[in-house]
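Protein chains: 2
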Amino acid sequence: MNNFTFYIPTRFIFGKDEENNVGKYVKAEGGTKVLIHYGGGSAVRSGLLDRVKASLEAEGIGHVELGGVQPNPKSSLVYKGIELCRREGVDFILAVGGGSTIDSAKGIAAGVVYDGDFWDFYQGKWIEKSLPVATILTIAAAGSEGNGDTVVTKEVEGGNLKRDAHGDAIRPKFTILNPALTQTVPPYQTASGITDIMAHLFERYFTNTPEVGTSDRLIEALLMSIIDEAPCVMADPDNYDARANIMWAGMLAHNDTAGVDREQDWSSHNIEHELSALYDCTHGAGLAVVFPAWMKYVYKHDVNRFVQLATRVWKCELNEENPEETALAGIAALQAFWKSIGMPSTIAEVGGKEEDIDYMAHTACWGDVRTGSFGCFVELHEEDVKAIYRLAL
Amino acid sequence: MNNFTFYIPTRFIFGKDEENNVGKYVKAEGGTKVLIHYGGGSAVRSGLLDRVKASLEAEGIGHVELGGVQPNPKSSLVYKGIELCRREGVDFILAVGGGSTIDSAKGIAAGVVYDGDFWDFYQGKWIEKSLPVATILTIAAAGSEGNGDTVVTKEVEGGNLKRDAHGDAIRPKFTILNPALTQTVPPYQTASGITDIMAHLFERYFTNTPEVGTSDRLIEALLMSIIDEAPCVMADPDNYDARANIMWAGMLAHNDTAGVDREQDWSSHNIEHELSALYDCTHGAGLAVVFPAWMKYVYKHDVNRFVQLATRVWKCELNEENPEETALAGIAALQAFWKSIGMPSTIAEVGGKEEDIDYMAHTACWGDVRTGSFGCFVELHEEDVKAIYRLAL
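Listed in order, the protein sequences are those of chains E and X.
Take the working numbering: the last position of the first sequence gets the number 394, and nothing is skipped along the way.
Take the working numbering: the last position of the second sequence gets the number 394, and nothing is skipped along the way.
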């Protein structure tokens, strides 16, 4: 087990109708003028935004609004938000939405109190100071509601730079998790979120760090819970309790409660990014395509770990003569599960083509800040990434 | 699933040698003069206290000491600590030890900044303000290193009052968890700690709150990890990684990561208390005696929940014709497990006698602040408690 620091100072407020108390929580944190940051029109149409504003007003808290956050949130909106906050004297940022909205809000919060260009943080500068951020989560997926990370995309000539930034200062002061708010998320988006959550767990699970039994068990627990609950929520989108269990698992999957003690491997996220960038599929759909292919490509590196996953989580019977068969059965079970909730299995299903593979593999390995290889469970070079895409055809 | 708030602002610093950096961490929290609070001589003999002092001194942080904390920490020492801190201008409390030391430190920390009698907190007053507390944990057991709870015993005429107090203000600012510090804990104490951790999980597991799948899985995960690791640490007390997995599980078992979403039942802790009060056994040993008896007494209330535990954690085969048999097989497996690590199974083994049962049951139900019954998974009255003690004979 590695040494580690685990620090999650966010107050998680979980349950029905809690968004109606948001004014009270902002006040407790000392906020007097709030930027309400949100995405598309659903937060407006559903009446959620009105209820948030009413709750703030009831506490005498001023507010301004900035909507329009898109998936893969853009730096242009972050700049706009920073300017707005400075002009209006905003002292508290409230994200109402999913991961993209929260990530954009974190960028704004860090940028407002920084003299330089906020993009510095996304080029490696640690975020030491920030306006306080809080969130009202409306989709279980990204996990940004529980961590100190943000991903923003900068539009530059010749392509987009999708970069991350980090710091305890941008951890949400509070996060309101009302599962009922996720009941209106459409099935495909719900399944994409579930897939993303599972991917966050797999990226932690496949490690070379030895002796991490407690967090292995925790990762398996969260996976099993999602496998239990996903069919319920797909069959009955209004199932509050299934939504609740998934929402709580989604936060725990990505705040390092499970997996803080180990080296993690985020290769599949890297490989997926090229898919969603090129074919505009959801991040979850891309992961459903990429992850099983990555697993098939690397499982021989540590068959025992794949067998452990297969037997504990997927209840595959152990083939003692041929444990590789058990490992592969686990991967097949995962693929079947994702298929059962409507996720794609192949690049073709997300509209991709074989002839793009060379380009995608090259960009994954050499684009942006990459230096030819990535991955620490198994290190991958351009030829490896091509082979993984081919396994996903 | 119930509504809940989950708030764990403690910084957990996990790994080898981290106690040697304690001065740096105290400084980061603004401490300038520290009370080092500890128990018996082992922290002195092992050189731990000297290393702590050296680390504080290297950062120019002053310190005073107060040792002598005993299991079931006493109010008299808390009063002494409060007086010492006020006299010496202490602004930071550092507990070096196990649960008793941490609980005593929390009492002191709350008392120093309170005008009235600190015992008010242990009579139900919420702790709103406190000096900052931090901990260096030396035994995996009580979980106090990760929560905002404290239990202190007041010696009064006619018996002791063992009471708890609570508040976010006494959550440790940081907790240093170095598994190597637990390698010198003797086998019986190690096993008692393991038993206490498992009991914290069972007390959460047995609930009437429906639809708590995610945290059920998390509780099961922590139990399975401890069941994996305990034999390793009993066979080889120097096994760092087994100690590490147990230490991390012990914190997570009692900070509500697993179980915040439900009504919990702490009956077995209440019933055990009479055993350790009367026969001076360890809390863990008492729990090993009481918990299986409680389970046997109440399992019919929710056979499915006991079957779930038996099949998932103890890998008992489900007897579909007779699920009660499966439930009982799980309880037997627990008892066998505790026996395998040297814990007692019967009241006789901790030196108890049948003729004390009436007294213990009466005190458990009517002593101190009790009002005749307790328990919310199954409500227990005096006759029930007697029956449970008898099942443990």
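What the hints contain is simulated information worked out from the structure, not anything from laboratory work.
Where hints are given, some of them may not hold.
Copies of the same chain look alike in the list, so a pair counts if it works inside one copy or between any two.
To be verified - Straight-line alpha carbon distances no greater than 20 Å define the calculated DMTMM-like cross-link-like pairs of lysine to aspartate or glutamate that follow:
id : residue 1 : residue 2
1  : Lys316    : Glu58
2  : Lys17     : Glu212
3  : Lys25     : Glu129
4  : Lys17     : Glu264
5  : Lys316    : Asp229
6  : Lys25     : Asp169
7  : Lys28     : Glu129
8  : Lys34     : Asp242
9  : Lys387    : Glu264
10 : Lys174    : Glu129
11 : Lys25     : Glu84
12 : Lys387    : Glu30
13 : Lys28     : Asp165
14 : Lys28     : Asp242
15 : Lys54     : Glu322
16 : Lys316    : Asp92
17 : Lys297    : Asp116
18 : Lys174    : Glu264
19 : Lys25     : Glu356
20 : Lys174    : Glu30
21 : Lys163    : Glu325
22 : Lys17     : Glu156
23 : Lys340    : Asp303
Now the hints, each set against the structure:
1. Taking identical chains as interchangeable, the C-alpha atoms of lysine 316 and glutamate 58 are never at most 20 Å apart, the minima being 52 Å within one chain and 55 Å between chains.
2. Taking the closest pair of Cα atoms, lysine 17 and glutamate 212 come within 20 Å of each other only across two copies (15 Å); inside a single copy the shortest separation is 39 Å, beyond that limit.
3. Taking the shortest alpha-carbon separations for lysine 25 and glutamate 129, only the inter-copy value of 18 Å comes in at or below 20 Å, while the best intra-copy value is 27 Å.
4. For the homomeric pair lysine 17 and glutamate 264, the shortest alpha-carbon distance between copies (17 Å) is at most 20 Å, but the shortest distance inside one copy (37 Å) is not.
5. Both within a single protomer and between protomers do lysine 316 and aspartate 229 lie at most 20 Å apart by alpha-carbon distance, with minima of 13 Å and 18 Å respectively.
6. Proximity of lysine 25 to aspartate 169 under the C-alpha cut-off of 20 Å is restricted to the inter-copy arrangement: shortest distance 18 Å between copies versus 23 Å within a copy.
7. In this assembly of identical chains, the alpha carbons of lysine 28 and glutamate 129 lie at most 20 Å apart only when taken from different copies (17 Å versus 23 Å within one copy).
8. Taking identical chains as interchangeable, the C-alpha atoms of lysine 34 and aspartate 242 are never at most 20 Å apart, the minima being 34 Å within one chain and 49 Å between chains.
9. Proximity of lysine 387 and glutamate 264 under a CA criterion of 20 Å is satisfied in neither setting, with 24 Å inside one chain copy and 51 Å between copies.
10. Taking identical chains as interchangeable, the C-alpha atoms of lysine 174 and glutamate 129 lie at most 20 Å apart whether they share a chain (15 Å) or sit on different chains (19 Å).
11. In this assembly of identical chains, the alpha carbons of lysine 25 and glutamate 84 never lie at most 20 Å apart, being 26 Å within a copy and 37 Å across copies at closest.
12. Taking the shortest Cα distances, lysine 387 and glutamate 30 never come within 20 Å of each other, neither inside one copy (49 Å) nor across copies (49 Å).
13. Proximity of lysine 28 and aspartate 165 under a CA criterion of 20 Å is satisfied in neither setting, with 30 Å inside one chain copy and 30 Å between copies.
14. In this homomeric assembly, lysine 28 and aspartate 242 never come within 20 Å of each other (Cα to Cα): the closest approach is 30 Å inside a single copy and 44 Å across copies.
15. For the identical chains of this complex, lysine 54 and glutamate 322 are neighbours neither inside a copy (63 Å) nor across copies (57 Å), given an alpha-carbon limit of 20 Å.
16. Taking CA atoms no more than 20 Å apart as the test, lysine 316 paired with aspartate 92 passes in neither setting, with 51 Å inside one copy and 54 Å between copies.
17. Taking the shortest Cα distances, lysine 297 and aspartate 116 never come within 20 Å of each other, neither inside one copy (47 Å) nor across copies (65 Å).
18. In this assembly of identical chains, lysine 174 and glutamate 264 lie within 20 Å of each other by CA distance neither inside one copy nor across copies; the values are 27 Å within and 26 Å between.
19. Proximity of lysine 25 and glutamate 356 under a CA criterion of 20 Å is satisfied in neither setting, with 55 Å inside one chain copy and 56 Å between copies.
20. For the homomeric pair lysine 174 and glutamate 30, the shortest alpha-carbon distances inside one copy (8 Å) and between copies (18 Å) are both at most 20 Å.
21. With identical chains, the CA atoms of lysine 163 and glutamate 325 are never at most 20 Å apart, being 36 Å at best within one copy and 56 Å at best between copies.
22. Taking CA atoms no more than 20 Å apart as the test, lysine 17 paired with glutamate 156 passes in neither setting, with 38 Å inside one copy and 44 Å between copies.
23. Taking the shortest alpha-carbon separations for lysine 340 and aspartate 303, neither the intra-copy value of 26 Å nor the inter-copy value of 35 Å comes in at or below 20 Å.
When each numbered hint is compared with the structure, violations occur for hints 1, 8, 9, 11, 12, 13, 14, 15, 16, 17, 18, 19, 21, 22 and 23.
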